[in-house]
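Student: Take a look at the letters that make up each chain.
There are 4 protein chains.
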Amino acid sequence: MNDESLAKRVVDRMYNHDPFSQWLGIERVEESAGSCVLRMTVRKEMLNGFGIAHGGITYSIADSALAFASNGHGRRAVSVETSISHTESLREGDVITATAEEVSLSNKIGIYHVTVRNASDAVVALFKGTVYRTGKDWFPED
Amino acid sequence: MNDESLAKRVVDRMYNHDPFSQWLGIERVEESAGSCVLRMTVRKEMLNGFGIAHGGITYSIADSALAFASNGHGRRAVSVETSISHTESLREGDVITATAEEVSLSNKIGIYHVTVRNASDAVVALFKGTVYRTGKDWFPED
Amino acid sequence: MNDESLAKRVVDRMYNHDPFSQWLGIERVEESAGSCVLRMTVRKEMLNGFGIAHGGITYSIADSALAFASNGHGRRAVSVETSISHTESLREGDVITATAEEVSLSNKIGIYHVTVRNASDAVVALFKGTVYRTGKDWFPED
Amino acid sequence: MNDESLAKRVVDRMYNHDPFSQWLGIERVEESAGSCVLRMTVRKEMLNGFGIAHGGITYSIADSALAFASNGHGRRAVSVETSISHTESLREGDVITATAEEVSLSNKIGIYHVTVRNASDAVVALFKGTVYRTGKDWFPED
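Protein chains in written order, with the numbering used here: chain A, 280 to 421; chain B, 280 to 421; chain C, 280 to 421; chain D, 280 to 421.
To be clear, the hints were calculated from the coordinates, so they are not data collected in a lab.
A few of these clues could be false.
Which copy is meant is left open, so a pair is good if it fits within one copy or across any two.
[Said to hold, decoys possible] Below, simulated EDC-like cross-link-like pairs (lysine to aspartate or glutamate); rule was C-alpha separation at most 16 Å, straight line:
#1 Lys287 <-> Glu309
#2 Lys323 <-> Glu380
#3 Lys387 <-> Glu367
#4 Lys387 <-> Asp400
#5 Lys415 <-> Asp400
#6 Lys323 <-> Asp297
#7 Lys323 <-> Glu371
#8 Lys287 <-> Asp416
#9 Lys287 <-> Glu306
#10 Lys287 <-> Asp421
#11 Lys323 <-> Asp373
#12 Lys387 <-> Asp373
#13 Lys323 <-> Glu309
#14 Lys387 <-> Asp282
With the hints as extra help, turn the sequences into a complete structure.
Tutor: Here is the structure:
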């Protein structure tokens with residue numbers, strides 16, 4: 280099995296039956312070992328008291344992108360530290376895309392940048408995530 | 280008006296009509312200028328594919344605590360950088376409490392630690408947030 | 280051997296023959312498994328073009344405090360992510376103290392806060408460090 | 280005066296008479312408004328007890344790159360939060376290059392990624408810095 284189909288199998292297992300991703304309305308655009316693109320639309324119930332998206336919304340899609348990208352190698356990876364800067368406001372109806380890319384990978388640690396952009400391709404959030412790579416495979420039977 | 284009642288007025292204005300806080304079920308426990316305590320219960324639709332709370336849930340309550348604590352001084356403050364480490368898993372029904380405390384405050388910048396704990400008082404997430412304090416008051420008419 | 284003497288043996292091994300710590304003039308005040316206090320004096324060659332200590336100086340003492348505190352359990356630990364906020368300026372002759380405390384510890388990951396204070400006990404920098412704990416002991420022969 | 284020559288004038292003023300940069304042996308490779316490249320060689324007195332460069336060394340060159348890049352617009356900018364991940368070890372004699380690029384810029388806040396690479400172009404550290412942009416110009420007389 281090639282890298283791409285392994286990544287897809289992992290994300291299938293992580294994404295299906297995931298109630299919060301369903302609630303967010305996350306759509307899988309692209310995925311492979313170490314990278315991933317997700318998309319969603321900001322809805323009314325995701326807004327804060329100022330009528331703009333709560334910081335937790337962009338964090339959530341970025342954190343999902345981190346999980347999918349880092350687990351896509353086929354080994355279980357868990358987040359150890361994440362940071363995010365919110366650089367632009369989002370309103371109801373805005374479509375956002377989160378692109379995760381691997382910036383460093385060793386046997387035990389992986390580091391990822393996730394960039395969240397709006398439909399005009401402007402950066403709305405910059406996320407960095409560090410994961411610990413366990414010794415457990417997603418499909419040990421392979 | 281004393282500090283505590285100013286903080287309450289600010290948080291009233293931020294929290295009311297905030298659809299995402301309603302969805303999360305956030306409950307205000309305590310607030311004053313520079314600090315704040317919030318509580319919520321993890322529900323089924325907040326879980327990821329492993330049956331544990333999505334990282335975005337603890338981030339969201341911590342980010343709200345940051346916003347309420349930092350704006351409680353009466354001047355509008357906006358988040359410039361946040362980081363979070365998830366140290367324990369959460370399951371459906373778990374009650375979590377987010378406590379924000381101010382660790383540094385200057386004219387333009389405030390820094391806050393938010394600790395999220397479960398009902399057994401174990402730390403489940405460590406959050407740090409930095410805000411930029413604008414020159415605009417919440418109640419300029421005062 | 281108790282925890283404290285194990286921590287001392289580890290830090291002895293890390294600190295002795297460490298040329299950069301010698302250059303910084305770091306002095307060990309206190310150490311035990313998971314915590315540590317270090318002290319140093321800001322010298323002229325540590326200043327930047329504004330006559331205040333370069334950000335790398337407070338980072339360096341905090342990073343050393345992280346290494347000593349996290350390795351003090353007797354297992355080799357390596358830094359995976361660190362962050363620092365510089366909250367007050369330092370001048371030539373200022374004596375600073377870095378206090379590292381463990382805020383989370385699991386089998387593989389440790390998280391530490393290091394607070395750097397000046398002689399008046401004012402916070403000059405807030406540092407957070409995450410380490411990966413390897414499976415290797417410092418003194419396997421024990 | 281164009282952007283590039285303004286950036287050079289600012290960095291001239293910051294870099295000259297900067298004792299710690301002299302001690303580090305930092306060499307300016309390139310600079311313009313919002314970006315900058317610096318280079319240095321790891322020396323014996325920069326090593327820790329394991330014979331590899333102390334984390335404070337790569338932090339220091341990255342922090343200088345942040346300062347030069349963010350001030351290069353001609354307005355004084357001060358660091359509010361920085362983070363760094365050390366991904367590869369460095370030994371005596373290694374030549375490292377720090378490249379700062381602006382990833383977000385608003386009226387008050389700038390965000391920069393600084394990548395530190397060794398002579399083989401391998402990433403040895405990933406740094407992110409956030410600055411607050413004051414209202415003061417470097418050369419108000421212009």
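Student: Each hint needs a verdict: does it hold in this structure or not?
Tutor: Status of each hint after checking the structure:
Taking the closest pair of Cα atoms, Lys287 and Glu309 come within 16 Å of each other only inside a single copy of the chain (9 Å); across copies the shortest separation is 42 Å, beyond that limit. Taking identical chains as interchangeable, the C-alpha atoms of Lys323 and Glu380 are never at most 16 Å apart, the minima being 29 Å within one chain and 30 Å between chains. Taking the closest pair of Cα atoms, Lys387 and Glu367 come within 16 Å of each other only across two copies (13 Å); inside a single copy the shortest separation is 34 Å, beyond that limit. With identical chains, the CA atoms of Lys387 and Asp400 are never at most 16 Å apart, being 33 Å at best within one copy and 22 Å at best between copies.
Proximity of Lys415 and Asp400 under a CA criterion of 16 Å is satisfied in neither setting, with 37 Å inside one chain copy and 30 Å between copies. Taking the shortest alpha-carbon separations for Lys323 and Asp297, only the inter-copy value of 10 Å comes in at or below 16 Å, while the best intra-copy value is 21 Å. Proximity of Lys323 to Glu371 under the C-alpha cut-off of 16 Å is restricted to the intra-copy arrangement: shortest distance 6 Å within a copy versus 24 Å between copies. Proximity of Lys287 to Asp416 under the C-alpha cut-off of 16 Å is restricted to the intra-copy arrangement: shortest distance 14 Å within a copy versus 38 Å between copies.
Taking the shortest Cα distances, Lys287 and Glu306 sit within 16 Å of each other inside one copy (13 Å), while across copies they are farther apart (39 Å). With identical chains, the CA atoms of Lys287 and Asp421 are at most 16 Å apart within one copy only, with a shortest distance of 15 Å there and 47 Å across copies. Taking the shortest Cα distances, Lys323 and Asp373 sit within 16 Å of each other inside one copy (11 Å), while across copies they are farther apart (26 Å). When the C-alpha separation of Lys387 and Asp373 is checked against a cutoff of 16 Å, the pair qualifies neither within a copy, at 37 Å, nor between copies, at 25 Å.
In this homomeric assembly, Lys323 and Glu309 never come within 16 Å of each other (Cα to Cα): the closest approach is 26 Å inside a single copy and 27 Å across copies. Proximity of Lys387 and Asp282 under a CA criterion of 16 Å is satisfied in neither setting, with 19 Å inside one chain copy and 27 Å between copies.
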